[in-house]
Amino acid sequence: MSGVRITLKLATSLDGRIALADGTSQWITSSASRARAHDLRAAHDAILVGVGTVLADDPLLTARTIPLPARQPVRIVADSQARTPLQSKLMTSVNIAPVILATAGAAAERHAEAGAGIWRCGNGIRVNVRDLVRRAEAEGLRTILVEGGSQLAASFVREGLVHELAWFRAPLLIGGEGLPAVGGLGLTDLASATRWRPVATERIGDDVLDTYVRVEQ
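Quick note on the numbering used here: the sequence shown kicks off at 312 and runs consecutively.
A few of these clues could be false.
[Stated by the list, open to error] When the alpha-carbon atoms are kept at most 20 Å apart in a straight line, the in silico EDC-like pairs for lysine to aspartate or glutamate are as follows:
#1 K400 <-> D369
#2 K400 <-> E420
#3 K400 <-> D368
#4 K400 <-> E424
Calculated from the structure, these hints are not laboratory results.
Could you put the whole structure together from the sequences, leaning on the hints where they help?
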């Protein structure tokens, strides 16, 4: 196990959905929960999302706390083919906080010229999350907050890399056609499922933030 502590942040409906079937997701949780999520960002060395999240939501991924943190977290995108738009909020704000593209070996010269760091963490097809975590550790990062999407979350869970879950739940039901918070894990029996121990529950208005730590098996 690496020396990097990884928290997976989920913001879902009661039935574990992050969006409607058409991708509509703003906003499932309340503004108070989103403010609490900014506190979580400020407490981590880096924020990590998949490129699908960047393409769908164009997030800034900074910690917008009051007051602002003394140092913004590093913003990392798992982007196998370097598809992050050069005009995205991330790429146009490299002066605010560092931006890293973790690619699978794709050429990303224009992103590098625009100020992003490039980590090659894959075999040419997809980003290897273990390689990404090793590189993060080598760069001195000790805590990472993984914010989505569902396939990236599943990759980290499958590889046993997540230490803690920070799960925001809003009091609504979306139903089975909604998009799940975590993608397929390839389980064939329940004994193989990762177990989690609840360690804290926080009411945030009508929302709830549950914190879990992984049970070592």
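Against which earlier hints does the structure fall short, listed by number upward?
-> No hint contradicted; all consistent.
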